[in-house]
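K.L.:
Chain by chain, the residues run as shown.
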Amino acid sequence: MQRPITPTSRARAPLAAAFAAVSLVATASAASLPKVASINLCADQHVLALADPEQILTVSWLAADAEESLLAHEAQRHTLNYGTAEEILKLAPDVVLAGTYTSPFTRTMLRRLGFNVVELEPEASIADIERNVRIVADVVGQPARGERLVVELREGVRALEARRPARRVGAVIVRPGGFTVGADSLADELLRLAGLANVAAERGLDRWGSLSMEALLRSAPDLIVLTGYRASQPSLANAVLEHPALESLGATHRTVTVHTALWACGLPRSIEAASVLQQAVLE
Amino acid sequence: MTLAAADVEVRYETRTAVRRTTISLEPGELVALVGPNGAGKSTLLRALAGLVAHAGTVTWCGHALARLDGRTRARTVAYLPQNPPVHWPLASRELVALGRLPHRPYAAQETPADVSAVTVAMRQTDTLEFAARSVSRLSVGERARVLLARALAVEAPVLLADEPIAMLDPYHQLDVMGTLRSYTAGRDTERKRLVVVVLHDLGLAARFCDRVLLMDDGAVVGDGPPEETLAPAAIRAHYRVEPFIARHDGEPSIVPWRSLRGPGEG
Amino acid sequence: MSATERSGGSTALAAGLGLLALLAAAGSLVIGRDGGGPTFGFGGPELAETIVREIRLPRTLLALLVGGTLGLCGAALQGLLRNPLAEPGLLGASSGAAFGAVVMFYFGFAGASSLLLPLGAVAGSLLALAVLYALAGRRGDFLTIVLAGIAINALAAALTSLALNFAPSPYAALEILFWMLGSLADRSLAHVYLALPLMVPGWLLVVAAARGLDALTLGEDTARSLGFDPKRTQALVIGGTALAVGAAVAVTGVVGFIGLVVPHLLRGAVGQHPSRLLLPSFLGGALLATLADIAIRLLPPGPELKLGVVTALLGAPFFLHLVMRSSARDGSAP
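Protein chains in written order, with my numbering: chain A, 14 to 296; chain B, 8 to 273; chain C, 21 to 354.
One chain only, chain A, in its complex shape:
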């Protein structure tokens, strides 16, 4: 970014030279920023948040879907890929971002073709979010931006911690299909950050077990957290969320809906889920 220069006749030549020098440096550093391709939804969103738009060659098609991604609007500006090596090969990125569960065939093929493939582990905690943000920021050559996001994340965490309710509030997360969330997961940490107790975790469920309707009723939670996902499309999974037992509970208990896209991937914005939960309790 150039600052406006007011040329006086005497200063024109050196200023012009300085101008040229600055713009040369600027374009040189822009040219040295790596071109990035991403074939994993969570990696996509990190990349969209951290890289300059010119750096992004492609993100996966899921990133452009508002039901999956918080940055769907931004993603639609870029070429979308479907996760095959041939697509990536044609775009010739400097680095490819993937998840550890992206098709092993595609990851191996890309490495075989000589690409630098960086894999992100799924985020299971806020610390994981920070780690992945730093990794991606480093990879796309924007460390300063990464640090800024981490700082904002920590400020948000501190704010939430400060506003925790005094009394114990038990909550249960109900995901489509009747699943809940146990301890050792991102959603659990966000729940606790909001100051709630995860009733399902207290029953010893690890990561993604099922919670029967009966167990849910007996656990007598103060807050029922419903996870929204494609609510307009009929599905067996979503039908669980309309179970009469849940509805009757809803009459006597407080419920709140958090959209899947907030915490399916661990992103700095994921703490908004915690603040939604906290709002629901503090009212």
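The hints are simulated quantities; they were obtained by calculation from the structure and are not laboratory data.
These figures come from a predicted structure and were not determined experimentally.
By construction, the Cβ of each residue, glycine as well, lies at the ideal position given by its N, Cα and C atoms.
Incorrect hints may appear among the rest.
Calculated pairs, EDC-like style, for lysine to aspartate or glutamate (alpha carbon to alpha carbon, straight line, at most 20 Å) [claimed, not checked]:
#1 A:103 with C:324
#2 B:199 with B:33
#3 C:251 with B:76
#4 A:103 with C:69
#5 A:103 with C:249
Partial list, computed: chain C residues near chain B (C-beta under 7 Å) [stated by the list, open to error]:
#6 164
#7 166
#8 237
#9 242
#10 246
#11 320
Take the given structure of chain A and dock chains B and C to it, following the hints.
P.N.:
Showing chains B and C alone in chain A's frame:
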């Protein structure tokens, strides 16, 4: 060259199907294997073919059949089971050609000898006219003749056939018995052949066969020319029927006339 | 029609199918993901050459090899079991291989190297075979074998579901499920080199059983009287199938219907001979798999359709049509 069974016995868990049997059969003989139901005829035949586990030994020309390798044994003894299944609807000619498998080394094409054997076998069984027709389109009798042609096509010195004429009309029953007769004589080759055929028609057995083995309850109870083995007393004792025996054109005609009931029956 | 004319006919059939398979393979090298793409890049730009050599060539080769394996083993199994409804999946080779691969996913091995996945699948296929022999025993008749295969399929499916239930994460479960649908996407030449040493011996074992299959047309007794041991024929076909199909599933996941439909289509053209059906079924299977894979690439852009899905979509209605036509025609049971 003898097909000899020495002390052959076939025992199943619950019963003995064939009791200790020792017989000796020579090429040139058309042997009828007769007896009431359950006598063990099919089992004895299968033992001679090496298809059922048995005590004792079966030898051909002094060599134990069990010790021969598969292909040699297959070229020596041809076997036609009773009412065999046909799993794929091959053309009749192709089915008969399966009989040449023991003669063909792996992946070899058909030789002129194979072609001629198949043609002769089909002519002998009067099946040439539907050589190209699928077996699934044949009547039961036509199919039975094609299956017999398959066994004849092996051109083995020993042919063991289990009720090959049961499904045939009278014309073809007579025709096939005549074919088997000439098969034992060895057609245009010097070699004679042995044919053992399980039959229920005593009349045909008596007229066409040189030798009759009568079995009852797992044992061979009669062995000799038809007049002896199929004497009225033997028929009464083992078949429990009263035969009507006549002669026509110098040949015997045996017709089961009346079933006999024992003292405690009927 | 004499026998030489008939076998000449099936040679012509094999030649025709072989030619078509080669043409399909050539097309497969040319057609890209979005329906177009670099044409024969040999000598062309470096990118095109890389795409063809590293991505499309293995994919084409695998389509031919896997399709051929499934066609060949399907024909052999139908001949062995004397039933046109038999196919490689029946023995449990496919589901055993799938389970072996799932175990690799479950323990996270698949992430380390995409070659561990196929090795796990081959181990699973051979394990299924070992269990089959243990169940059916050395004296097993064909019905026992079929029942044992059904039991193994059920067991493998149950164990796979169990593994999915306890998968480390929903992402792993999804990856497993998608893998099981069958796909050739992004397979490399390394997978071809992995599968071939197992496939080729498998093919040879199966082909060695050819004449025994012909003899079995008239049942076990007649087959034995013709000098063929049905147990040996059985061992050759089952062993060969387990090896070859296990290797195929290891690399591509579960691809169905080719082993069922291709022999069925070609049987009439070879005069119903089980032995003459083997080579045409190999070539026909190779052709069908390649065409199915090309069809996938001609679809509009989107997440790639799985190969197993396409073969099922093509195969199932066609098979239904065959069944209805044959039962309407003369009522003779297959």
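K.L.:
Take a quick look at whether residue 103 of chain A and residue 69 of chain C sit within 20 Å of each other, Cα to Cα.
P.N.:
Holds, because 12 Å separates the two Cα atoms, which is no more than 20 Å.
K.L.:
Assess, step by step, whether the Cα of residue 103 of chain A is no farther than 20 Å from the Cα of residue 324 of chain C, and give holds or violated.
P.N.:
Holds: residue 103 of chain A and residue 324 of chain C sit about 17 Å apart, inside 20 Å.
K.L.:
For a C-alpha distance cap of 20 Å, please report whether residue 199 of chain B and residue 33 of chain B respect it.
P.N.:
holds, 9 Å
K.L.:
With a cut-off of 7 Å on the beta carbons, see whether residue 166 of chain C makes it to chain B.
P.N.:
violated, 15 Å
K.L.:
Taking 7 Å as the limit, does the beta-carbon of residue 237 of chain C come near enough to a beta-carbon in chain B?
P.N.:
holds, 5 Å
K.L.:
Could you check if residue 242 of chain C really has its C-beta closer than 7 Å to a C-beta on chain B?
P.N.:
Given a least distance of 6 Å, the restraint on residue 242 of chain C holds.
K.L.:
Regarding the hint that residue 246 of chain C lies at the interface with chain B, is the smallest CB-CB distance below 7 Å?
P.N.:
holds, 5 Å
K.L.:
Given a cut of 7 Å on the nearest C-beta pair, is the interface hint for residue 164 of chain C held or broken against chain B?
P.N.:
This hint is violated: residue 164 of chain C lies away from chain B, its Cβ roughly 18 Å from the closest one there, beyond 7 Å.
K.L.:
Should the hint that residue 320 of chain C touches chain B count as held when the rule is a Cβ pair under 7 Å?
P.N.:
Since the shortest Cβ distance to chain B is 44 Å, the answer is violated.
K.L.:
Starting from residue 251 of chain C, check that the Cα of residue 76 of chain B is at most 20 Å away, please.
P.N.:
holds, 15 Å
K.L.:
So if I understand the rule, the pair passes when the alpha-carbon distance is 20 Å or less; does residue 103 of chain A with residue 249 of chain C pass?
P.N.:
The given pair, whose Cα atoms are some 57 Å apart, is violated under the 20 Å limit.
Violated hints for the displayed structure, listed by number in ascending order: 5, 6, 7 and 11.
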